[in-house]
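Visitor: All chains, full assembly: derive it from the sequences and hints.
Number of protein chains: 2
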Amino acid sequence: MSLISKLIVKPGSKIRLADVDPDFHGPYKSEKDAQKHLDQQSASISDLQKKLYAERKHSLLIVLQGIDAAGKDGTCWHVLRSMNPQGTNVHGFKQPTPEESSHDFLWRVHPHVPADGNVAIFNRSHYEDVLVQRVHKMAPGKVIEKRYDLINAFESTVHSNNTTILKFFLYISPEEQLRRFEERLDDPMRQWKISEGDYSERALWDDYIKAYEAMLNKCSTDHAPWYVIPANHKWFRNLAVGSIVEKTLKDMKMQLPKPTVDLKEIRRKYHQAKKEKL
Amino acid sequence: MSLISKLIVKPGSKIRLADVDPDFHGPYKSEKDAQKHLDQQSASISDLQKKLYAERKHSLLIVLQGIDAAGKDGTCWHVLRSMNPQGTNVHGFKQPTPEESSHDFLWRVHPHVPADGNVAIFNRSHYEDVLVQRVHKMAPGKVIEKRYDLINAFESTVHSNNTTILKFFLYISPEEQLRRFEERLDDPMRQWKISEGDYSERALWDDYIKAYEAMLNKCSTDHAPWYVIPANHKWFRNLAVGSIVEKTLKDMKMQLPKPTVDLKEIRRKYHQAKKEKL
Numbered sequence: 001m002s003l004i005s006k007l008i009v010k011p012g013s014k015i016r017l018a019d020v021d022p023d024f025h026g027p028y029k030s031e032k033d034a035q036k037h038l039d040q041q042s043a044s045i046s047d048l049q050k051k052l053y054a055e056r057k058h059s060l061l062i063v064l065q066g067i068d069a070a071g072k073d074g075t076c077w078h079v080l081r082s083m084n085p086q087g088t089n090v091h092g093f094k095q096p097t098p099e100e101s102s103h104d105f106l107w108r109v110h111p112h113v114p115a116d117g118n119v120a121i122f123n124r125s126h127y128e129d130v131l132v133q134r135v136h137k138m139a140p141g142k143v144i145e146k147r148y149d150l151i152n153a154f155e156s157t158v159h160s161n162n163t164t165i166l167k168f169f170l171y172i173s174p175e176e177q178l179r180r181f182e183e184r185l186d187d188p189m190r191q192w193k194i195s196e197g198d199y200s201e202r203a204l205w206d207d208y209i210k211a212y213e214a215m216l217n218k219c220s221t222d223h224a225p226w227y228v229i230p231a232n233h234k235w236f237r238n239l240a241v242g243s244i245v246e247k248t249l250k251d252m253k254m255q256l257p258k259p260t261v262d263l264k265e266i267r268r269k270y271h272q273a274k275k276e277k278l
Numbered sequence: 001m002s003l004i005s006k007l008i009v010k011p012g013s014k015i016r017l018a019d020v021d022p023d024f025h026g027p028y029k030s031e032k033d034a035q036k037h038l039d040q041q042s043a044s045i046s047d048l049q050k051k052l053y054a055e056r057k058h059s060l061l062i063v064l065q066g067i068d069a070a071g072k073d074g075t076c077w078h079v080l081r082s083m084n085p086q087g088t089n090v091h092g093f094k095q096p097t098p099e100e101s102s103h104d105f106l107w108r109v110h111p112h113v114p115a116d117g118n119v120a121i122f123n124r125s126h127y128e129d130v131l132v133q134r135v136h137k138m139a140p141g142k143v144i145e146k147r148y149d150l151i152n153a154f155e156s157t158v159h160s161n162n163t164t165i166l167k168f169f170l171y172i173s174p175e176e177q178l179r180r181f182e183e184r185l186d187d188p189m190r191q192w193k194i195s196e197g198d199y200s201e202r203a204l205w206d207d208y209i210k211a212y213e214a215m216l217n218k219c220s221t222d223h224a225p226w227y228v229i230p231a232n233h234k235w236f237r238n239l240a241v242g243s244i245v246e247k248t249l250k251d252m253k254m255q256l257p258k259p260t261v262d263l264k265e266i267r268r269k270y271h272q273a274k275k276e277k278l
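Residue numbers (full-length UniProt numbering), protein chains in the order written: chain A, 1 to 278; chain W, 1 to 278.
Be careful, since some hints might not be right.
[Stated by the list, open to error] SDA-like, lysine to any residue: derived pairs with alpha carbons at most 25 Å apart:
(1) A:K193 to W:N162
(2) A:K253 to W:R184
(3) W:K258 to A:W192
(4) A:K94 to A:D187
(5) A:K57 to W:D19
(6) A:K274 to W:I194
(7) A:K274 to W:P174
(8) A:K264 to W:P188
(9) A:K277 to W:L17
(10) W:K264 to A:R180
(11) W:K274 to A:R184
(12) W:K269 to A:R180
[Unchecked claim] Distance ranges between label pairs, derived from CB positions:
(13) W:T157 to A:K218: 46 to 52 Å
(14) W:R267 to A:K218: 35 to 41 Å
(15) W:R81 to A:K218: 35 to 41 Å
(16) A:V20 to W:V132: 32 to 38 Å
(17) W:H37 to A:D207: 49 to 55 Å
(18) A:H110 to W:K218: 38 to 44 Å
(19) A:D19 to W:Q40: 44 to 50 Å
No wet-lab data here; the hints were simulated from the structure. Beta carbons: idealized from backbone N, C-alpha and C, even for Gly.
Guide: Below, the structure written as structure tokens:
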């Protein structure tokens, strides 16, 4: 079974996160063991994104969700480091501003979907409205329940513009989260980020798992599937996400636009210009 | 004399591009010779951008101009490869859309200036309106002439929000441009980009030089200086731009925000949680 078919949440199926091992790292023993594959992948993604940008027929939207410290920022870096920054954009969705809150929950998201030829990453997304809002009961149960359908319809609209949507749930264990929090405590560059909430939210771990499972089970669709990425090992998380991005771009079977000019004629002109030092 | 003071267009001075050597590569013999400096620079810029993003008091706007094939895209890659993509954005300004043309020339630019803590790069910019528009007489001389002042006032407004503005004119020779055009001819990934205009615009080289000189002489201000970057050698172009970006970020004397929580107390809680396997 390929990595991709192992990690996808099959539309219509019911996933239980307890059945997923966040420590999973495929056939690789270590980062060193996977390095060659990671390097090949970067080179391949780099070429594919150039074609995507040149052809301007498809676009790619990547949605990242995961509990605090699951590695959303690191995943953005990894995916984008091989791409031309001009054709890419990351948008982080934090607590809504008053203006955002005074609109429907998809209003602030829609402007950031990628244009033809582009790649956009949502670092958190419209799914916050069925995650933190559900866990903290910030909206009535009925309202939350309706949002899953609204999200599916919204993603279908976006998909209708040749936008391929990939959604990655980065899954770490509570022990790994604690280990990462402790690392932050010792890193002067990151101490400012630490909040009381980091720790107190851990008490709601099981509620979050339930909310994640509802999101995965209700919103993994043919046009916008969810993937559960075992993310305790950062290098495996990168490799898994990269593999899915690479395969997805390849499947678009993109063609570079044909040259619009007579290359021979241009070559002749250049040759002449050099001779005459123009 | 430092590299920076050599490359800056001193506000109020008159620069002649004929006096600048696009082949200049400072004290370095080759890319290999500069590699260590380039690596140090990347590591330093990476740290500084993390501070910029954390502090959220300053922002940085980088404006790139240069003739076709001068290396604007490559410069974007180089500057951004060491930065967290979440805090950065590149915006390319192409031929204005009908909606853009139906507004003043700064209307399409303003929304893309960086927010506190962010870095934005303009790949081409509002300066197109005093470059291509001047060379091709797409607006009356009087209108163009007034734009220099309007640009200075606009950049002063942007600067008033703690946005540091760096403007880089990437300067290559006509021979180097021709060499790069020829490279494109032989690269299947880039042949689609070649247009008749690439070549025909070369006939207007002297007019472009005059327009660039006017831009450099009228719009290099204390709050938004222009730098002329000798760009025949890509590695030196990257090193020069990187040096100025690094120095500029350092001069902001950024401070990481103080932790908002009692780190000792958090550490104690984590320790307890581990013991009790919470």
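Visitor: Look at each hint and say if it fits the structure.
Guide: Structure-based check of all given hints:
no., hint, result
1, A:K193 to W:N162, "holds, 23 Å"
2, A:K253 to W:R184, "holds, 23 Å"
3, W:K258 to A:W192, "holds, 6 Å"
4, A:K94 to A:D187, "holds, 23 Å"
5, A:K57 to W:D19, "violated, 45 Å"
6, A:K274 to W:I194, "holds, 18 Å"
7, A:K274 to W:P174, "holds, 10 Å"
8, A:K264 to W:P188, "holds, 14 Å"
9, A:K277 to W:L17, "holds, 19 Å"
10, W:K264 to A:R180, "holds, 16 Å"
11, W:K274 to A:R184, "holds, 16 Å"
12, W:K269 to A:R180, "holds, 14 Å"
13, W:T157 to A:K218: 46 to 52 Å, "holds, 47 Å"
14, W:R267 to A:K218: 35 to 41 Å, "holds, 39 Å"
15, W:R81 to A:K218: 35 to 41 Å, "holds, 38 Å"
16, A:V20 to W:V132: 32 to 38 Å, "violated, 55 Å"
17, W:H37 to A:D207: 49 to 55 Å, "holds, 52 Å"
18, A:H110 to W:K218: 38 to 44 Å, "holds, 41 Å"
19, A:D19 to W:Q40: 44 to 50 Å, "holds, 47 Å"
Hint compliance for this structure: hints 5 and 16 are not met, and every other hint is.
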